[in-house]
Amino acid sequence: MFLRNCWYVIAWDYEIPADGLFARTVLNEPIVVFRTATGYAALEDRCCHRHAPLSKGRKEGDQLRCGYHGLKFDAGGQCVDAPGLDRVPSGAKVRSYPIVARNKWLFVWMGDPAKAEERLLPDNFSNDHPDWRNKPGYLHYATPYLLICDNLLDFSHLSYVHEKTLGGSTAIARARPEIEVLERGVRVTRRVPDVPPPPYYHNIRKFSGNVDRWFIYDFLFPGTLLMSSGGKLAGQQEANPANSVMLHSCQTLTPETANATHYFFQQSHRADAGDASLTEGIFQSLIIAFNEDRDMIKAQSESIARNPGAAMLPLGIDSALVRYRRLLEEAIARDG
Amino acid sequence: MFLRNCWYVIAWDYEIPADGLFARTVLNEPIVVFRTATGYAALEDRCCHRHAPLSKGRKEGDQLRCGYHGLKFDAGGQCVDAPGLDRVPSGAKVRSYPIVARNKWLFVWMGDPAKAEERLLPDNFSNDHPDWRNKPGYLHYATPYLLICDNLLDFSHLSYVHEKTLGGSTAIARARPEIEVLERGVRVTRRVPDVPPPPYYHNIRKFSGNVDRWFIYDFLFPGTLLMSSGGKLAGQQEANPANSVMLHSCQTLTPETANATHYFFQQSHRADAGDASLTEGIFQSLIIAFNEDRDMIKAQSESIARNPGAAMLPLGIDSALVRYRRLLEEAIARDG
Amino acid sequence: MFLRNCWYVIAWDYEIPADGLFARTVLNEPIVVFRTATGYAALEDRCCHRHAPLSKGRKEGDQLRCGYHGLKFDAGGQCVDAPGLDRVPSGAKVRSYPIVARNKWLFVWMGDPAKAEERLLPDNFSNDHPDWRNKPGYLHYATPYLLICDNLLDFSHLSYVHEKTLGGSTAIARARPEIEVLERGVRVTRRVPDVPPPPYYHNIRKFSGNVDRWFIYDFLFPGTLLMSSGGKLAGQQEANPANSVMLHSCQTLTPETANATHYFFQQSHRADAGDASLTEGIFQSLIIAFNEDRDMIKAQSESIARNPGAAMLPLGIDSALVRYRRLLEEAIARDG
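Protein sequence lines correspond, in order, to chains A, B and C.
Each residue of the first sequence is one higher than the one before, counting from 87 in our numbering.
Each residue of the second sequence is one higher than the one before, counting from 87 in our numbering.
Each residue of the third sequence is one higher than the one before, counting from 87 in our numbering.
FYI, nobody ran anything at the bench for these hints, they're computed from the structure.
Honestly, I wouldn't trust all of these hints.
Note that identical chains are pooled: a pair holds if it fits in a single copy or bridges any two copies.
Pairs of lysine-lysine residues, derived as DSS-like cross-links and limited to a Cα-Cα distance of at most 30 Å, are as follows [stated by the list, open to error]:
(1) Lys221 <-> Lys292
(2) Lys384 <-> Lys145
(3) Lys201 <-> Lys384
(4) Lys158 <-> Lys179
(5) Lys250 <-> Lys384
(6) Lys158 <-> Lys250
Predicted, not measured: the structure shown is a model, and the values here were computed from it.
Turn these sequences into a full structure, and let the hints guide you.
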């Protein structure tokens, strides 16, 4: 059901305590994460002995001790001490997951560890780059992740769900996006010429009239959005940092279970175009807008769950999400 | 499982906002109701496109626009605008339900629209009649509606569940009701001679001694009670508005799902026998008593759910409910 | 699934009101308990008529009246009055359970009443004995009872779960228990020589150095622990009330359902070794420690429920619980 051979974000790096354990479920698998001298360890969050969650134990250096009967595991998942036994059975071990930190996101590899390659990490540069500033965000969704992918793949909803926040014009819904197939996802380009600037633009730059807006993003397996967006005075020839609003956003969806999703995101502005109050303002706008999304998608999800077999009516405006879902299904079929 | 070709009350008219949308589920089907220039519209509360609830959208005149991607529907359920598309596909529509307002109740027809006839509406006159006064009530039950029908069809419970409120005497339990079969339900006549007046009578009329009480009601498919009840001084020949307590009640049960029920009710007193404080007092008594019922029926329902196959022991006191359930089953078998 | 022909504790005697009804579910069966002139009655908590819980009715002397339609039952479960009927049908009855009070615990027999013998009651003497003092406790667990049996059968967890409360030393985990098979359970003897006294000992007796601790308990079907434990100055020859900490504990588990458990317990100190503040102090320590257990076992139970088929890894430290589970399975197979 899930694509397994790929990287999933399990946490922002700041979520992992210096001297403790951090628990989160990914693809139905409970995982415990902790820091080691050289990086991070990610283990199955279930003791092999009596299935107590290891995250209720404690970190002992680069190792973890179960809080129930005291079995101790190293960062690779091997049990190295079992109180009351002279010898630890070799079968006493838990699964460990490849884990990599890149630009403040911690990625775990949920498939075959031999296939875990860092070149497959998405280019989430703006998370942590001197030219860009942002405040990191996290939301929990009680809905399947694909419904949130759909939302991110069809920006026509901006005109309705975010009418008073991100949207500001029904012209977004009426603009036709271009869709290009990538090796592991799609690229969506949406240009919306000559519309009023959305309210939050005013905190970055005052425009004397309408703007041309653009949204250009890669949407990559399993559910990562990397987007350049912005606006310039309508009709003006070239956008550049001095005359435009330029933004970069990294967002990613990690299924917690079939019906719940972790959402990690940030929207960056250029470091030379605003101060900490702008960073905070963009973050607050995003939280409001993403709660609007979550509210709608939760209602949609409950509506679907009430009648799971019922057919939807595909429309032309769904082309990006239809294409992405088909590509993802093919990738899942090839997976493993 | 449910009788479909009949009218179900979906709301009191005052529940529908002047300029907004109202959502309620009937027979497992989520429905959105809104006012139009000529009355009301009731649509399936699920957009045909991506299944978002339409009730999260907005009313635009006599039409409704979905809040997710902006599809707009007319009062008949036809999509008349789809932003981003040049032409609306003819298949873009949602189900609409016949809806009728009668004496402050809004009725929807859940079966074949061609069979929706207004002559099948129950005679809920006292809801809205110059000779009668009441305050409308609504309760939500987390139980199957048939358990509440049972309750309304066997007033012997008044002596125990409502011992200190509506009841006032074990004589009610000991009185034998007469039961008459109607075209679409039963008529139950219960006369309880020479008993102390129940406490709430004191707010209407002081009696110098015991009273003769009567409860005469039609209980009609799917679960509507229309009742005349009252009391006169015991042994006195004729009841009339000047010497008696005379009440009329309209109550109706609408299944929300197999395990939950909407309960709409009012108990009217004569307009010439009391003021607004009496109206309010009767309403408050009813709320207390109906919460007593709900508490008991919820406990009963949970008890049944714990052991759903277990047989009940039919007793002579169950004759009205046994007869009603059988008639309703026959009607459901004929339905459609 | 459950052993039926045995006594289960349903309540502490003080839980049953003088003039009311007490409801608790045992082995999935809701039971109502009330006092009679000669002792207690325990009936199925479901009226035979329409399945309302009898515990929502009222006690009338040695009888109970249903609160819905007024049927009255005697202490043996026979219906003796049905308002509105001239004659009570002989089939109108509910199940009654043998119930015995012994040392403040009320035991019900869940199997064949003909097999209910008082000699099968556990020897819970310290609950109510002039030489011992305690405060009774009750906790509800949202977990299967066998996971709590496991916990009580492997005290190695004291070193980790109760590191800062009951435990105080990893030596407990490293000590090997002796296990002896009894007719209806096992006897576990665990001696832990030369360890620091646990914190709560200080309230009973000051030791000048390390202590030798012992835990000797019978663990009897279905889940009753009867334990003598204590400590004396390390190396000293004989323990006696004047030089040692001596404790006696009675604890018992009663399955409420397959996934929930009632836990009744007390830990007694000798009446000659402390006052009411010691009794209260021991009780408070126990509550803290038992909440530590409950927290861990709930986490373990949720972990197991997430992946119910997954195999556990048996270790040498599990011998008591493995043996007890096998004996109990054999007893259940023979049961009935």
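Results for each hint:
In this assembly of identical chains, Lys221 and Lys292 lie within 30 Å of each other by CA distance solely inside one copy; the values are 23 Å within and 56 Å between copies. Taking the shortest alpha-carbon separations for Lys384 and Lys145, only the inter-copy value of 21 Å comes in at or below 30 Å, while the best intra-copy value is 37 Å. In this homomeric assembly, Lys201 and Lys384 never come within 30 Å of each other (Cα to Cα): the closest approach is 35 Å inside a single copy and 36 Å across copies. Taking the closest pair of Cα atoms, Lys158 and Lys179 come within 30 Å of each other only inside a single copy of the chain (10 Å); across copies the shortest separation is 58 Å, beyond that limit.
In this homomeric assembly, Lys250 and Lys384 come within 30 Å of each other (Cα to Cα) only inside a single copy, at 20 Å, whereas the closest approach across copies is 44 Å. For a Cα distance limit of 30 Å, the shortest separation of Lys158 from Lys250 across copies, 19 Å, qualifies, whereas the shortest one inside one copy, 54 Å, does not.
The structure does not agree with numbered hint 3 stated previously, though it agrees with all others.
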